[in-house]
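Each chain, letter by letter, is given below.
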Amino acid sequence: MIEIKSMSKIYRIGDVEVRALNDVSLSIQQHEFVSIIGPSGSGKSTLMNMIGCLDVPTRGEYYLDGVEVSRLNDEQLANIRNHKIGFIFQGFNLLQKLTAVENVELPLIYQGVHTKERYDKSVEALKLVGLEDRVHHRPTELSGGQQQRVAIARALVGNPPMILADEPTGNLDSKSGKEIMRMLKELHQKGNTIVLITHDNEIAMQAERIIRIQDGEIIEDRMVG
Amino acid sequence: MGFMQAYKMAIKSIRSNKVRSFLTMLGVIIGVSSVIAAVAFAQGSTKSITDTIESMGTNLIQVNIMGRNSNRNVTYAQIKEFSDKNSAEIAAVAPQTNSNATVKYKTNTRETNILGTSPDYQTIRSVKAQTGRFLIQNDVDNKQKVAVVGTAVVNDIFEGGNPLGEKIKINGQLFTIVGVLEEKDGGQDEGADDTVIIPVTVSQRLFRSGTIRNFAIQATSPETVDSAMDKLNEFLEKTYKDTDAFRVFNQAAMLENLNSMTGTMTAVLAGIAAISLVVGGIGIMNIMLVSVTERTREIGIRKAIGAKKKNILVQFLIEAIIVTGIGGLLGVLIGLSIIRFVIGGLEIVPEVYSITWTMLSFGISLIVGVVFGLFPAYKAASLNPIEALRSE
Numbered sequence: 001m002i003e004i005k006s007m008s009k010i011y012r013i014g015d016v017e018v019r020a021l022n023d024v025s026l027s028i029q030q031h032e033f034v035s036i037i038g039p040s041g042s043g044k045s046t047l048m049n050m051i052g053c054l055d056v057p058t059r060g061e062y063y064l065d066g067v068e069v070s071r072l073n074d075e076q077l078a079n080i081r082n083h084k085i086g087f088i089f090q091g092f093n094l095l096q097k098l099t100a101v102e103n104v105e106l107p108l109i110y111q112g113v114h115t116k117e118r119y120d121k122s123v124e125a126l127k128l129v130g131l132e133d134r135v136h137h138r139p140t141e142l143s144g145g146q147q148q149r150v151a152i153a154r155a156l157v158g159n160p161p162m163i164l165a166d167e168p169t170g171n172l173d174s175k176s177g178k179e180i181m182r183m184l185k186e187l188h189q190k191g192n193t194i195v196l197i198t199h200d201n202e203i204a205m206q207a208e209r210i211i212r213i214q215d216g217e218i219i220e221d222r223m224v225g
Numbered sequence: 001m002g003f004m005q006a007y008k009m010a011i012k013s014i015r016s017n018k019v020r021s022f023l024t025m026l027g028v029i030i031g032v033s034s035v036i037a038a039v040a041f042a043q044g045s046t047k048s049i050t051d052t053i054e055s056m057g058t059n060l061i062q063v064n065i066m067g068r069n070s071n072r073n074v075t076y077a078q079i080k081e082f083s084d085k086n087s088a089e090i091a092a093v094a095p096q097t098n099s100n101a102t103v104k105y106k107t108n109t110r111e112t113n114i115l116g117t118s119p120d121y122q123t124i125r126s127v128k129a130q131t132g133r134f135l136i137q138n139d140v141d142n143k144q145k146v147a148v149v150g151t152a153v154v155n156d157i158f159e160g161g162n163p164l165g166e167k168i169k170i171n172g173q174l175f176t177i178v179g180v181l182e183e184k185d186g187g188q189d190e191g192a193d194d195t196v197i198i199p200v201t202v203s204q205r206l207f208r209s210g211t212i213r214n215f216a217i218q219a220t221s222p223e224t225v226d227s228a229m230d231k232l233n234e235f236l237e238k239t240y241k242d243t244d245a246f247r248v249f250n251q252a253a254m255l256e257n258l259n260s261m262t263g264t265m266t267a268v269l270a271g272i273a274a275i276s277l278v279v280g281g282i283g284i285m286n287i288m289l290v291s292v293t294e295r296t297r298e299i300g301i302r303k304a305i306g307a308k309k310k311n312i313l314v315q316f317l318i319e320a321i322i323v324t325g326i327g328g329l330l331g332v333l334i335g336l337s338i339i340r341f342v343i344g345g346l347e348i349v350p351e352v353y354s355i356t357w358t359m360l361s362f363g364i365s366l367i368v369g370v371v372f373g374l375f376p377a378y379k380a381a382s383l384n385p386i387e388a389l390r391s392e
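Respectively, the protein sequence lines represent chains B and R.
Number 33 in our numbering belongs to position 33 of the first sequence; there are no gaps in the numbering.
Number 258 in our numbering belongs to position 258 of the second sequence; there are no gaps in the numbering.
Next up, chain B with everything else stripped away, as it sits in the complex (with noise of 0.2 angstroms):
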């Protein structure tokens, strides 16, 4: 699913080299539920712009459900987001002047899906994360969970192999949290891959398995017990 082979990135700000990623491998398999932790600056939000095709490396590789994507340009780039990857951001990142249907739609338009299907395939997906009763509210009508549930019916809705989540419960109360780990957990079981970033360790707790990042570098890979 994913396969990483010595992959660095490094910053260049004036005359200082920032290794934010240093010689990093990892591979997480199919239906894995995987958390990413390390504190700030330890190179995740890196290696999670890697991981989302948002960014490129400056060495190493990157396949992503069998495209090495490491040396695509910005257009293909773009279209292996749109096709292969749900985005759950920490602050929703919704279009507040979208209803919440309108917003779970964005990445099907990009997928040129047809109005009639792109609308039904998105209510369907709210009706999954237990909004159907939400379709037509704007972002600023719904609760901080709620919205987040919006994120993850837009994440799912274009059926991506890979569901990468960053810092989902980060603005939530610990009850929405807790509630959005929950649904997090069903995808999973559902069959979905989940790559979770996180600075919490109790969050990370909750995934199969463990990668815990630092300084750039792979300091801890295991399976949750």
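Among the hints, erroneous ones may be present.
Covered stretches of chain B (in silico footprint by chain R; criterion: 3 or more residues with CB under 8 angstroms from a CB of chain R, positions within the stretch not fixed) [to be verified]:
| no. | region |
| --- | --- |
| 1 | 48–61 |
| 2 | 85–97 |
| 3 | 109–119 |
Source of the hints: derived by calculation from the structure; they are not laboratory data.
Built from N, CA and C at the ideal position, the CB exists for glycine as well.
Given the structure of chain B, go ahead and fit chain R onto it with the hints provided.
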């Protein structure tokens, strides 16, 4: 992502920012409506001038004698003979001498224009005697001291009395009034009604000038104007042996000159108005750039979940085009209303509706939308998704 989808997105974004969208449009609205109104005004003025000239008759040919050569001259008799010989082309000839003189009736005097001419003047200039008669050929041939007076003169020196049959003195010589001209411009001073018409032969003697400087000649039809002019040129050249000594021209040539002049005027007015369109375009670019900055996060989200550069580019570009398109349409409506209600209402110039200029200004507004929308759209499309997502 299809065009329809981009269109829907743009409409949604425009509607969610109504005030800003309207302000953006304002520049285009003002630009387009002022182009349309300015051009209509210019074309209206042109029309009123050409209408006046055309009402004078397109068959009219003017001959001006410029040279001060008294040895060679075209007399009234010569040109009359010439026109009688060429009656296929020339319908009428009226010599014109204009002099200023004092007209006296009893103790009343008035400075006015004394026009010496022949009976043909009546048909060529379409003037009429409202009472009495106009000049007749006998007056000219026998140098009769008769006069036809304009209403401005009548009102002044006759003080409302009936002038027919009365005698007036022009430069000390007695003339009998045989007719009063029909009023042309309300009896104003120094206008068409402020004149006294006498036989050309009498005027030549009265003012001691042998040369007749102007002839008004009517061709038999618009088709014979050119050959009549050719013959006139030939005839005058033979007399003067100098092509610079005279000038033969007609309404068509005058109209052509006028058209090129008013064409320039239209272009200048339209150009000034078009500048406001460009300024409107800059306004669009300005507001679109602000909008791109404001919507950086939206762009980041869209890109993260799979929008390609061209999707974002098209979205913003279509937004710009729709804003200018709606602005252009409103501008057309307002421009046409200005023609109908302001120009038409004030009746300064005739209402002229130009399809060409309406389409042109609307088309230009769309082009302005594309051109000035392109840079902000490109800027939006080029945003890095990671940085865009980080922005608040």
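Verification of the supplied hints:
Only when three residues or more bring their CB closer than 8 angstroms to a CB of chain R does the claim for the region 48–61 of chain B stand; here the count is 4, and the claim holds. With a threshold of 8 angstroms between beta carbons, the proposed coverage of the region 85–97 of chain B by chain R holds, since 6 of its residues qualify and at least three are required. Coverage of the region 109–119 of chain B by chain R holds. Counting CB-CB distances below 8 angstroms, 4 residues qualify, and the rule asks for three or more.
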